[in-house]
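S.K.: Here is how the chains run, residue by residue.
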Amino acid sequence: MIESIRLKSFRKHDDLQLNFDPKFNLLHGRNNAGKTTIFYAIEYCLFGQVNGFKKIAQLTKFKQKAVGVELIFQGKDAARYKLQRMHELKGKKRSASGYYTLKKILSENEEKYVLSSDFGNREEDLSLKLAEILGISKRFFEAGVHFAQGEISKILAGDKKLDIVFGIKTASALSDVFRQRALDFEKEIQVLSTLKAVIERAKKEKKDYHEKLAKKEELQSTLISDINRQKELLNMFQDIEDLSEEVSKILKSSTDAKKAVEESEIKLKMVKEEIEAVRTLFGSEDTLDANYEALKAAVKHIEEQITQKEKELGDMQKQLQSIETQKIKADTLKTQKLSLLNEIEEFTSTYDTQDELEKQYLKFKQQYEDLTAQLKQINDEHSDLQNFFRTIEREKGDIEGILKRRQSNKDNQKCEYCGAPIDSEKIASEVKEFQKKIKELDQKIQLTEKKEKELKQKTKELRQGEKQSYEEYLKLENIIKKISEMKTKVSTSFDQDLESQIDQLNSQLQTQQTALETSTNEIKMLREDEKNKQKELNELETSIERKQKLNAQLADIEQNKQDAEHLFSIEMENFVKLLNGINTQLKAYLDALEKENYLSESLEKLMAEIQILLQNQTLETAAQFRDHFKEVIITNTTELSSTLKHLEEQKEQVSKDLEELKQQLKTLDKEIASNEKKIQILNLKKSLAERYRAFQDMFKETQEIIRENISAALEERILQFTNVLSSEDEFEKVSVDSEDYSLSITPKGMDITDSYPAAVYEGGGYQLLLGLSYKFSLSELIGKTSFLLIDEPTEFIDTSNRAKLLSNISSIADNTQVILITHQDIDKIQAHHKIELQK
Amino acid sequence: MKFTFNISDILNQFGLEKREKDNLISLFEFTNYLYDSEENLTKTFNLKKEAKEKLIEKIEEMFEYELQDVDHSDDQENEEGEG
Numbered sequence: 019m020i021e022s023i024r025l026k027s028f029r030k031h032d033d034l035q036l037n038f039d040p041k042f043n044l045l046h047g048r049n050n051a052g053k054t055t056i057f058y059a060i061e062y063c064l065f066g067q068v069n070g071f072k073k074i075a076q077l078t079k080f081k082q083k084a085v086g087v088e089l090i091f092q093g094k095d096a097a098r099y100k101l102q103r104m105h106e107l108k109g110k111k112r113s114a115s116g117y118y119t120l121k122k123i124l125s126e127n128e129e130k131y132v133l134s135s136d137f138g139n140r141e142e143d144l145s146l147k148l149a150e151i152l153g154i155s156k157r158f159f160e161a162g163v164h165f166a167q168g169e170i171s172k173i174l175a176g177d178k179k180l181d182i183v184f185g186i187k188t189a190s191a192l193s194d195v196f197r198q199r200a201l202d203f204e205k206e207i208q209v210l211s212t213l214k215a216v217i218e219r220a221k222k223e224k225k226d227y228h229e230k231l232a233k234k235e236e237l238q239s240t241l242i243s244d245i246n247r248q249k250e251l252l253n254m255f256q257d258i259e260d261l262s263e264e265v266s267k268i269l270k271s272s273t274d275a276k277k278a279v280e281e282s283e284i285k286l287k288m289v290k291e292e293i294e295a296v297r298t299l300f301g302s303e304d305t306l307d308a309n310y311e312a313l314k315a316a317v318k319h320i321e322e323q324i325t326q327k328e329k330e331l332g333d334m335q336k337q338l339q340s341i342e343t344q345k346i347k348a349d350t351l352k353t354q355k356l357s358l359l360n361e362i363e364e365f366t367s368t369y370d371t372q373d374e375l376e377k378q379y380l381k382f383k384q385q386y387e388d389l390t391a392q393l394k395q396i397n398d399e400h401s402d403l404q405n406f407f408r409t410i411e412r413e414k415g416d417i418e419g420i421l422k423r424r425q426s427n428k429d430n431q432k433c434e435y436c437g438a439p440i441d442s443e444k445i446a447s448e449v450k451e452f453q454k455k456i457k458e459l460d461q462k463i464q465l466t467e468k469k470e471k472e473l474k475q476k477t478k479e480l481r482q483g484e485k486q487s488y489e490e491y492l493k494l495e496n497i498i499k500k501i502s503e504m505k506t507k508v509s510t511s512f513d514q515d516l517e518s519q520i521d522q523l524n525s526q527l528q529t530q531q532t533a534l535e536t537s538t539n540e541i542k543m544l545r546e547d548e549k550n551k552q553k554e555l556n557e558l559e560t561s562i563e564r565k566q567k568l569n570a571q572l573a574d575i576e577q578n579k580q581d582a583e584h585l586f587s588i589e590m591e592n593f594v595k596l597l598n599g600i601n602t603q604l605k606a607y608l609d610a611l612e613k614e615n616y617l618s619e620s621l622e623k624l625m626a627e628i629q630i631l632l633q634n635q636t637l638e639t640a641a642q643f644r645d646h647f648k649e650v651i652i653t654n655t656t657e658l659s660s661t662l663k664h665l666e667e668q669k670e671q672v673s674k675d676l677e678e679l680k681q682q683l684k685t686l687d688k689e690i691a692s693n694e695k696k697i698q699i700l701n702l703k704k705s706l707a708e709r710y711r712a713f714q715d716m717f718k719e720t721q722e723i724i725r726e727n728i729s730a731a732l733e734e735r736i737l738q739f740t741n742v743l744s745s746e747d748e749f750e751k752v753s754v755d756s757e758d759y760s761l762s763i764t765p766k767g768m769d770i771t772d773s774y775p776a777a778v779y780e781g782g783g784y785q786l787l788l789g790l791s792y793k794f795s796l797s798e799l800i801g802k803t804s805f806l807l808i809d810e811p812t813e814f815i816d817t818s819n820r821a822k823l824l825s826n827i828s829s830i831a832d833n834t835q836v837i838l839i840t841h842q843d844i845d846k847i848q849a850h851h852k853i854e855l856q857k
Numbered sequence: 669m670k671f672t673f674n675i676s677d678i679l680n681q682f683g684l685e686k687r688e689k690d691n692l693i694s695l696f697e698f699t700n701y702l703y704d705s706e707e708n709l710t711k712t713f714n715l716k717k718e719a720k721e722k723l724i725e726k727i728e729e730m731f732e733y734e735l736q737d738v739d740h741s742d743d744q745e746n747e748e749g750e751g
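Those protein sequence lines, which keep their order, are chains A and B. Take our numbering: the final residue in the first sequence is number 857, and no numbers are missing along the way. Take our numbering: the final residue in the second sequence is number 751, and no numbers are missing along the way.
Please keep in mind that the hints were generated in silico from the structure rather than gathered at the bench. Treat the hints loosely; a few may be bogus.
[Stated by the list, open to error] Calculated pairs, DMTMM-like style, for lysine to aspartate or glutamate (alpha carbon to alpha carbon, straight line, at most 20 Å):
{"no.": "1", "chain 1": "A", "residue 1": "K178", "chain 2": "B", "residue 2": "E725"}
{"no.": "2", "chain 1": "A", "residue 1": "K704", "chain 2": "B", "residue 2": "E707"}
{"no.": "3", "chain 1": "B", "residue 1": "K726", "chain 2": "A", "residue 2": "D202"}
{"no.": "4", "chain 1": "B", "residue 1": "K720", "chain 2": "A", "residue 2": "E328"}
{"no.": "5", "chain 1": "A", "residue 1": "K696", "chain 2": "B", "residue 2": "E707"}
{"no.": "6", "chain 1": "B", "residue 1": "K717", "chain 2": "A", "residue 2": "D202"}
{"no.": "7", "chain 1": "B", "residue 1": "K689", "chain 2": "B", "residue 2": "E706"}
{"no.": "8", "chain 1": "A", "residue 1": "K704", "chain 2": "B", "residue 2": "E706"}
{"no.": "9", "chain 1": "A", "residue 1": "K704", "chain 2": "B", "residue 2": "E725"}
{"no.": "10", "chain 1": "B", "residue 1": "K716", "chain 2": "A", "residue 2": "E150"}
{"no.": "11", "chain 1": "A", "residue 1": "K802", "chain 2": "B", "residue 2": "D677"}
{"no.": "12", "chain 1": "B", "residue 1": "K689", "chain 2": "A", "residue 2": "E141"}
{"no.": "13", "chain 1": "B", "residue 1": "K720", "chain 2": "A", "residue 2": "D715"}
{"no.": "14", "chain 1": "B", "residue 1": "K722", "chain 2": "A", "residue 2": "D143"}
{"no.": "15", "chain 1": "A", "residue 1": "K704", "chain 2": "B", "residue 2": "E688"}
{"no.": "16", "chain 1": "B", "residue 1": "K726", "chain 2": "A", "residue 2": "E746"}
{"no.": "17", "chain 1": "A", "residue 1": "K205", "chain 2": "B", "residue 2": "E728"}
{"no.": "18", "chain 1": "A", "residue 1": "K94", "chain 2": "B", "residue 2": "D690"}
{"no.": "19", "chain 1": "B", "residue 1": "K726", "chain 2": "A", "residue 2": "E554"}
{"no.": "20", "chain 1": "A", "residue 1": "K72", "chain 2": "B", "residue 2": "E706"}
{"no.": "21", "chain 1": "B", "residue 1": "K720", "chain 2": "A", "residue 2": "D202"}
{"no.": "22", "chain 1": "A", "residue 1": "K704", "chain 2": "B", "residue 2": "E697"}
{"no.": "23", "chain 1": "A", "residue 1": "K718", "chain 2": "B", "residue 2": "D737"}
{"no.": "24", "chain 1": "A", "residue 1": "K147", "chain 2": "B", "residue 2": "E732"}
{"no.": "25", "chain 1": "A", "residue 1": "K179", "chain 2": "B", "residue 2": "E706"}
{"no.": "26", "chain 1": "B", "residue 1": "K689", "chain 2": "A", "residue 2": "E281"}
{"no.": "27", "chain 1": "A", "residue 1": "K696", "chain 2": "B", "residue 2": "D737"}
{"no.": "28", "chain 1": "A", "residue 1": "K802", "chain 2": "B", "residue 2": "D739"}
{"no.": "29", "chain 1": "A", "residue 1": "K704", "chain 2": "B", "residue 2": "E734"}
{"no.": "30", "chain 1": "A", "residue 1": "K178", "chain 2": "B", "residue 2": "D690"}
{"no.": "31", "chain 1": "B", "residue 1": "K689", "chain 2": "A", "residue 2": "E708"}
{"no.": "32", "chain 1": "A", "residue 1": "K696", "chain 2": "B", "residue 2": "E728"}
{"no.": "33", "chain 1": "A", "residue 1": "K205", "chain 2": "B", "residue 2": "E732"}
{"no.": "34", "chain 1": "B", "residue 1": "K686", "chain 2": "A", "residue 2": "E142"}
{"no.": "35", "chain 1": "B", "residue 1": "K720", "chain 2": "A", "residue 2": "E142"}
{"no.": "36", "chain 1": "A", "residue 1": "K718", "chain 2": "B", "residue 2": "E734"}
[As the list claims (entries may be wrong)] Label-pair distances were calculated between CB atoms; the ranges are:
{"no.": "37", "chain 1": "B", "residue 1": "Q681", "chain 2": "A", "residue 2": "D758", "range": "25 to 31 Å"}
{"no.": "38", "chain 1": "A", "residue 1": "N693", "chain 2": "B", "residue 2": "D737", "range": "16 to 22 Å"}
{"no.": "39", "chain 1": "B", "residue 1": "D737", "chain 2": "A", "residue 2": "A730", "range": "43 to 49 Å"}
{"no.": "40", "chain 1": "B", "residue 1": "D737", "chain 2": "A", "residue 2": "D758", "range": "30 to 36 Å"}
Glycine included, every Cβ here is placed at the ideal spot set by N, Cα and C.
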């Protein structure tokens with residue numbers, strides 16, 4: 019039962035809230051008031067779409083971007099629910115995104131969420147929930163809840179889709195699906211017996227593998243024990259092998275010590291022979307030392323003599339240097355003097371004598387002074403001329419100015435001083451006079467300029483002469499001054515006896531050089547003598563050093579010999595100890611072998627050799643023992659190692675075999691487990707197949723039950739509703755075709771075996787009556803819905819019967835809520851709630 | 669007694685256990701829901717392949733969960749083995 023509805027931007031309604039009565043509701047209003055839209059809104063809210071509207075945008079008010087409907091209703095469980103649905107339109111294509119929320123209303127202020135698209139619930143969840151709480155699906159809504167305007171009587175011709183509404187199609191589909199599913203499983207379980215056989219075989223194989231595994235493990239254990247024993251023997255023998263190394267070491271050091279003793283003896287003999295040879299050469303060691311000391315003293319005396327001579331030679335060289343320096347100085351002075359005299363000679367040679375030079379000097383001096391006086395005079399003249407020239411120029415400028423004024427202002431001439439008008443004739447005479455005067459002045463200027471030019475030329479010539487005279491005068495003055503200075507220098511700087519001094523110095527120099535030469539020769543001879551003596555001394559020193567070295571060598575060799583003899587005796591003692599040790603070890607090893615029931619002849623022979631060697635300790639016998647000992651050890655070690663290697667190879671092979679067996683067992687286990695799981699799954703499938711076969715049959719039977727009963731049930735109800743809606747008892751019988759659900763009628767008085775198709779019977783009023791009866795029957799038969807939506811059911815009904823029909827329909831509303839739309843006879847109809855929609 | 673179409677009443681005739689019956693009613697309603705939409709139907713009003721697959725998924729979910737459990741236990745064993 020619907021309690022209320024609220025529409026937001028739904029078709030023509032902006033925001034409309036309507037409340038409904040639990041029984042008969044009349045929804046009325048003028049055409050295009052939006053009455054049918056209310057039914058669309060209910061359908062939209064329940065199913066998210068409206069039959070006949072492909073897009074949500076078609077349900078949305080013009081220019082709005084969202085549409086929504088809220089429906090409050092009471093469910094079969096008597097609980098109140100609020101269903102809200104809305105769509106948003108996005109983009110140019112106005113594609114819609116929808117949301118819904120179903121809440122249970124617990125009290126006025128308390129609600130509980132049941133489903134919501136915001137929580138991830140799908141449309142499918144809402145449909146199933148509505149089927150549960152309202153008992154309607156979309157198909158049922160279309161067929162048995164919503165009586166659409168103009169569609170009511172169409173049902174009389176039947177509708178194949180009623181198979182869906184009645185659930186016949188559903189039962190058929192389920193029967194098919196279960197059959198197919200059962201068939202699939204039945205095919206799969208065919209391999210069940212084969213799989214069981216495979217498992218049995220695998221289990222048997224597994225048992226065989228376990229037996230093999232136990233045997234291999236036993237063999238592995240035996241091999242490990244053998245290997246350990248063999249390793250113990252090898253370890254024992256390893257100790258004996260170490261002793262063999264020790265024997266070799268001791269024998270080597272003993273042999274080395276013996277060899278060192280022998281070598282020392284040979285060296286001693288050789289050194290002694292050399293010492294004897296030295297002794298033979300110098301008589302005795304004392305004579306050698308005395309010769310050496312005498313020769314050393316002689317060398318020292320010669321060195322002293324050389325030192326004395328070298329000192330004298332040094333003094334001589336100093337004196338010689340001093341004389342040479344004095345002589346160089348005297349020679350330099352002489353050169354300078356000659357140079358000055360030559361210069362004076364050069365200066366005076368141009369003028370014959372020095373008096374002539376002085377005369378020339380005075381002449382140029384006088385000439386210069388005369389020219390200077392002339393130039394001064396010409397300068398004065400030039401200055402006067404320039405003053406005169408400027409005066410004439412000024413006078414000419416004044417006259418030219420007046421003349422210009424007179425010529426430019428001929429008609430109104432005025433005196434430039436008093437401003438009085440001037441007679442023009444007078445002006446003309448003045449102009450002539452002025453022009454004449456200017457001419458005269460020009461001539462004067464020309465003359466003056468010519469004269470100035472001449473003066474300038476003369477001044478130029480005089481200045482040139484003055485310059486030449488001045489240069490000559492200065493040049494001669496300098497020469498005279500220089501000659502005077504040089505003469506003074508010659509007279510004051512140079513000694514008059516310079517020549518004799520130089521001669522004396524040359525004589526001293528010669529004497530000193532001769533003495534120096536003599537001294538140098540004497541030193542040379544002394545050095546030769548010293549060299550010979552030094553050579554002799556060196557030879558004696560070498561002999562003494564050699565003698566000392568030989569004595570030292572002799573002592574070292576004797577010490578080495580003693581050390582080697584000592585070492586040899588120690589090594590031999592160690593060798594004896596070692597032999598006893600080897601004997602003990604060999605005995606222990608032989609005892610161990612005996613326990614394992616082994617015998618070793620070579621080792622027993624070796625022990626006998628040790629006893630002989632202890633009696634007779636020579637290096638030769640010891641060496642023979644060492645070689646035999648080594649040989650025995652190599653043979654035994656090789657034998658032991660070979661046995662050990664063989665055992666370990668065997669053990670490795672057994673380990674590999676074991677690993678392989680374990681791997682095979684693991685694979686078998688996996689295979690068995692996998693197959694057992696498959697069997698478990700197949701058994702489950704077998705059980706499911708059996709169940710599905712039962713379901714298949716069950717839904718097939720359901721389909722038959724519905725089909726068998728539906729026609730009779732419909733017929734019975736249609737007849738009843740026809741009688742309720744119309745007071746006239748018109749029909750003998752109605753029948754519904756079980757294939758296409760079309761309705762046939764047998765009117766009263768007609769043979770019961772005859773019938774008419776209801777879709778063509780009589781007029782529209784009868785068809786509407788039968789159609790309403792059919793629809794009410796469907797509604798009751800399928801689910802006894804809690805509300806019915808009937809749109810304009812009185813079409814084609816005459817006025818007299820219209821009110822009666824509506825009244826009869828309202829009687830149906832005693833058990834089911836009816837919301838009916840009409841726009842006729844509103845006042846005549848009795849309704850629990852009338853709702854008028856304004857246009 | 670008047671015949672009333674009610675799947676629960678019809679299934680009562682087959683002596684099913686309550687759980688099984690409830691499951692079958694749910695499945696029936698789900699199939700009805702599939703039939704509600706024209707998109708799921710062929711021209712002769714049968715279910716299209718995609719709709720049938722949805723129905724099979726529902727059957728698997730309702731009746732074949734034990735098969736999934738066995739498969740899942742296999743995965744768990746493998747994970748433990750690796751761990």
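S.K.: For each hint, tell me whether it holds in the structure or not.
M.R.: Status of each hint after checking the structure:
1. K178/A - E725/B: 28 Å, violated
2. K704/A - E707/B: 35 Å, violated
3. K726/B - D202/A: This hinted pair holds, its Cα atoms lying about 17 Å apart.
4. K720/B - E328/A: Violated, at roughly 140 Å.
5. K696/A - E707/B: 39 Å, violated
6. K717/B - D202/A: Holds. K717/B to D202/A sits at ~17 Å (cutoff 20 Å).
7. K689/B - E706/B: Violated: K689/B and E706/B sit about 28 Å apart, past 20 Å.
8. K704/A - E706/B: 36 Å, violated
9. K704/A - E725/B: Answer holds: K704/A to E725/B is near 19 Å, not above 20 Å.
10. K716/B - E150/A: Roughly 25 Å separates the two Cα atoms, so the pair is violated.
11. K802/A - D677/B: Holds. K802/A to D677/B sits at ~14 Å (cutoff 20 Å).
12. K689/B - E141/A: Roughly 24 Å separates the two Cα atoms, so the pair is violated.
13. K720/B - D715/A: Roughly 19 Å between the alpha carbons, so the hint for K720/B and D715/A holds.
14. K722/B - D143/A: Distance ~14 Å between K722/B and D143/A Cα, so the pair holds.
15. K704/A - E688/B: Holds, because 18 Å separates the two Cα atoms, which is no more than 20 Å.
16. K726/B - E746/A: Violated: K726/B and E746/A sit about 51 Å apart, past 20 Å.
17. K205/A - E728/B: The given pair, whose Cα atoms are some 18 Å apart, holds under the 20 Å limit.
18. K94/A - D690/B: Answer holds: K94/A to D690/B is near 18 Å, not above 20 Å.
19. K726/B - E554/A: Violated: K726/B and E554/A sit about 133 Å apart, past 20 Å.
20. K72/A - E706/B: 12 Å, holds
21. K720/B - D202/A: 15 Å, holds
22. K704/A - E697/B: 27 Å, violated
23. K718/A - D737/B: Distance of about 30 Å is beyond 20 Å: violated.
24. K147/A - E732/B: Violated: K147/A and E732/B sit about 24 Å apart, past 20 Å.
25. K179/A - E706/B: Holds - the C-alpha atoms of E706/B and K179/A are around 11 Å apart, at most 20 Å.
26. K689/B - E281/A: 121 Å, violated
27. K696/A - D737/B: This hinted pair holds, its Cα atoms lying about 13 Å apart.
28. K802/A - D739/B: Status violated; Cα separation ~45 Å.
29. K704/A - E734/B: Given pair K704/A, E734/B holds - Cα atoms ~13 Å apart, limit 20 Å.
30. K178/A - D690/B: 29 Å, violated
31. K689/B - E708/A: Holds. K689/B to E708/A sits at ~16 Å (cutoff 20 Å).
32. K696/A - E728/B: 18 Å, holds
33. K205/A - E732/B: Distance of about 17 Å is within 20 Å: holds.
34. K686/B - E142/A: 24 Å, violated
35. K720/B - E142/A: 15 Å, holds
36. K718/A - E734/B: 26 Å, violated
37. Q681/B - D758/A: 25 to 31 Å: Cβ of Q681/B to Cβ of D758/A: about 27 Å, so the range 25 to 31 Å holds.
38. N693/A - D737/B: 16 to 22 Å: 18 Å, holds
39. D737/B - A730/A: 43 to 49 Å: 46 Å, holds
40. D737/B - D758/A: 30 to 36 Å: At 47 Å between Cβs, range violated.
Of the hints listed earlier, those the structure fails to meet are numbers 1, 2, 4, 5, 7, 8, 10, 12, 16, 19, 22, 23, 24, 26, 28, 30, 34, 36 and 40, in rising order.
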